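K.L.:
Same order as they appear, the protein sequences are chains L and W.
Residue 326 in this note's numbering is what sits at position 2 of the first sequence, and the numbering runs on without skipping anything.
Residue 453 in this note's numbering is what sits at position 107 of the second sequence, and the numbering runs on without skipping anything.
There may be inaccurate statements among the hints.
Stated by the list, open to error - Calculated pairs, DSBU-like style, for lysine-lysine (alpha carbon to alpha carbon, straight line, at most 35 angstroms):
| hint | chain 1 | residue 1 | chain 2 | residue 2 |
| --- | --- | --- | --- | --- |
| 1 | L | LYS379 | W | LYS452 |
| 2 | L | LYS377 | L | LYS395 |
| 3 | L | LYS337 | W | LYS415 |
| 4 | W | LYS452 | L | LYS377 |
| 5 | L | LYS327 | W | LYS455 |
| 6 | L | LYS337 | W | LYS407 |
| 7 | L | LYS342 | W | LYS404 |
| 8 | L | LYS395 | W | LYS407 |
| 9 | L | LYS327 | W | LYS452 |
| 10 | W | LYS395 | L | LYS394 |
| 11 | W | LYS455 | W | LYS395 |
| 12 | L | LYS337 | W | LYS452 |
| 13 | W | LYS417 | L | LYS377 |
| 14 | L | LYS327 | W | LYS395 |
| 15 | L | LYS381 | W | LYS417 |
| 16 | W | LYS404 | L | LYS395 |
| 17 | W | LYS452 | L | LYS394 |
| 18 | L | LYS381 | W | LYS452 |
| 19 | W | LYS407 | L | LYS327 |
| 20 | L | LYS394 | L | LYS337 |
| 21 | L | LYS327 | L | LYS394 |
| 22 | L | LYS379 | W | LYS395 |
| 23 | W | LYS415 | L | LYS381 |
| 24 | L | LYS395 | W | LYS395 |
| 25 | W | LYS395 | L | LYS381 |
| 26 | L | LYS377 | L | LYS342 |
| 27 | L | LYS337 | L | LYS381 |
| 28 | L | LYS381 | L | LYS342 |
| 29 | L | LYS394 | W | LYS417 |
| 30 | L | LYS377 | L | LYS394 |
Stated by the list, open to error - Here chain L is said to cover these stretches of chain W; the calculated rule only asks that three of the stretch's residues, wherever they fall, bring their Cβ under 8 angstroms from a Cβ of chain L:
| hint | segment |
| --- | --- |
| 31 | 389 to 402 |
| 32 | 410 to 418 |
These aren't lab readings, by the way, just hints derived from the structure by calculation.
Given the structure is predicted, the values throughout are model-derived calculations rather than measurements.
Positions of the beta carbon are idealized from the N, C-alpha and C atoms, including for glycine.
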Amino acid sequence: DVKVTQSSRYLVKRTGEKVFLECVQDMDHENMFWYRQDPGLGLRLIYFSYDVKMKEKGDIPEGYSVSREKKERFSLILESASTNQTSMYLCASIGGRLTYEQYFGPGTRLTVT
Amino acid sequence: AQSVSQHNHHVILSEAASLELGCNYSYGGTVNLFWYVQYPGQHLQLLLKYFSGDPLVKGIKGFEAEFIKSKFSFNLRKPSVQWSDTAEYFCAVTNGAGSYQLTFGKGTKLSVIP
Chain L
325 DVKVTQSSRY LVKRTGEKVF LECVQDMDHE NMFWYRQDPG LGLRLIYFSY DVKMKEKGDI
385 PEGYSVSREK KERFSLILES ASTNQTSMYL CASIGGRLTY EQYFGPGTRL TVT
Chain W
347 AQSVSQHNHH VILSEAASLE LGCNYSYGGT VNLFWYVQYP GQHLQLLLKY FSGDPLVKGI
407 KGFEAEFIKS KFSFNLRKPS VQWSDTAEYF CAVTNGAGSY QLTFGKGTKL SVIP
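Whole structure, please, built from the sequences with the hints as guidance.
P.N.:
Here it is as structure tokens:
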């Protein structure tokens, strides 16, 4: 069974802190994605990666960076957390070619105070 | 850039009522279309998908969707909803042929009253 895990379900950080959100998939998927989900705005793509050490900006990359050193792990980094980054963060991965179906993790609810 | 529009923000239905949730997208080329569902407290899961072939696709839990290319639409339907269908529903569309990127709509919250 497909499994995408995220390091924390809930996280509370202070403004200005550096925040790491981690995502791990156990399916040998090449493509991984980070979204944020906000009420009334749906899911918005922050960054994605189609291979180790490769990354592409999504629709809202400002204030975020990512790291993919191993195929199974994709990290989202908030260099200096701000209150407007309070949100639900979702990680997803896609399997082999032509499947297109994204498998989602449970999400990390981040609160920045 | 692809954009996806879901017409209703919040839909309230009684059990056994029929459901139709609208979804329209902007990109006119080859696309792949999805409906995802998020039950309260749970993660997003795939309800159904369309890649090619029969434009009427069936998904899990009695849901179906119809792809109408001329209208850029992919509406979700269910003939008779249950209380357990209370959830948020998201339409998503790929950004073109061969693209793995998805653009999501803003979601429709469905509340089913017993």
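K.L.:
If a hint holds in the structure, say so; if it doesn't, say that too.
P.N.:
Hints versus structure:
As the CA atoms of LYS379(L) and LYS452(W) are separated by approximately 25 angstroms, the hinted pair is consistent with the 35 angstroms bound. Distance check on the hinted pair: LYS377(L) and LYS395(L) sit about 9 angstroms apart at the alpha-carbon level, within 35 angstroms; holds. Of the pairs offered as hints, the one joining LYS337(L) and LYS415(W) is violated, with about 46 angstroms between alpha carbons and a cut-off of 35 angstroms exceeded. The suggested pairing of LYS452(W) with LYS377(L) holds, with an alpha-carbon distance near 31 angstroms, which does not exceed 35 angstroms.
The straight-line distance between the Cα atoms of LYS327(L) and LYS455(W) is roughly 26 angstroms, inside the 35 angstroms bound, and the hint therefore holds. As the CA atoms of LYS337(L) and LYS407(W) are separated by approximately 39 angstroms, the hinted pair breaks the 35 angstroms bound. Between the alpha carbons of LYS342(L) and LYS404(W) the distance comes to roughly 44 angstroms, so the proposed pair goes past 35 angstroms and is violated. For the suggested pair LYS395(L) and LYS407(W), the alpha carbons sit about 34 angstroms apart, so the restraint of at most 35 angstroms is met.
For the given pair, LYS327(L) sits about 25 angstroms from LYS452(W) by alpha-carbon distance, which is consistent with the 35 angstroms threshold. Straight-line distance between C-alpha atoms of LYS395(W) and LYS394(L) comes to about 30 angstroms, which keeps the hinted pair within the 35 angstroms bound. Proximity of LYS455(W) to LYS395(W) is assessed by CA-CA distance (about 19 angstroms); at most 35 angstroms being required, the pair is judged to hold. At roughly 27 angstroms between alpha-carbon atoms, LYS337(L) and LYS452(W) fall within 35 angstroms of each other, so this suggested pair holds.
This hinted pair does not check out: LYS417(W) and LYS377(L) have alpha carbons roughly 40 angstroms apart, beyond 35 angstroms. A hinted pair counts as satisfied when its Cα atoms are at most 35 angstroms apart, and LYS327(L) with LYS395(W) qualifies at roughly 20 angstroms. Between LYS381(L) and LYS417(W) the alpha-carbon distance is near 30 angstroms, which keeps this suggested pair within the 35 angstroms criterion. At roughly 33 angstroms between alpha-carbon atoms, LYS404(W) and LYS395(L) fall within 35 angstroms of each other, so this suggested pair holds.
With a CA separation close to 32 angstroms, the supplied pair LYS452(W) and LYS394(L) stays within the 35 angstroms bound. Restraint check: the Cα-Cα separation between LYS381(L) and LYS452(W) comes to about 20 angstroms, which is no more than 35 angstroms; the hinted pair holds. With a C-alpha separation of about 22 angstroms, the suggested pairing of LYS407(W) with LYS327(L) holds against the 35 angstroms cut-off. In summary, the hint linking LYS394(L) to LYS337(L) is supported, as the alpha carbons are separated by about 26 angstroms, within the 35 angstroms threshold.
The hinted pair formed by LYS327(L) and LYS394(L) meets the criterion: a straight-line CA distance of about 16 angstroms does not exceed 35 angstroms. Annotation: proposed proximity of LYS379(L) to LYS395(W) holds, straight-line Cα distance about 26 angstroms (limit 35 angstroms). Annotation: proposed proximity of LYS415(W) to LYS381(L) holds, straight-line Cα distance about 29 angstroms (limit 35 angstroms). With a C-alpha separation of about 26 angstroms, the suggested pairing of LYS395(L) with LYS395(W) holds against the 35 angstroms cut-off.
Among the hinted pairs, LYS395(W) with LYS381(L) is consistent with the structure: their alpha-carbon atoms are about 25 angstroms apart, no more than 35 angstroms. Under the criterion of a C-alpha separation no larger than 35 angstroms, the hint pairing LYS377(L) with LYS342(L) is consistent with the structure, at around 21 angstroms. At most 35 angstroms may separate the alpha-carbon atoms for a hinted pair to count; LYS337(L) and LYS381(L) meet this at roughly 24 angstroms. Between LYS381(L) and LYS342(L) the CA atoms are separated by roughly 20 angstroms; this keeps the pair inside 35 angstroms, and the hint holds.
A C-alpha spacing of about 42 angstroms is found between LYS394(L) and LYS417(W), which places the hinted pair above 35 angstroms, so the restraint is violated. In summary, the hint linking LYS377(L) to LYS394(L) is supported, as the alpha carbons are separated by about 8 angstroms, within the 35 angstroms threshold. Here's how the segment 389 to 402 of chain W fares: 6 of its residues keep a CB closer than 8 angstroms to some CB of chain L, so the rule of at least three is met and the hint holds. Coverage of a stretch by a chain is defined here by at least three residues with a beta carbon nearer than 8 angstroms to that chain's beta carbons; for the segment 410 to 418 of chain W and chain L the count is 0, and the condition is violated.
Checked against the numbered hints given earlier, the structure breaks hints 3, 6, 7, 13, 29 and 32 and satisfies all the rest.
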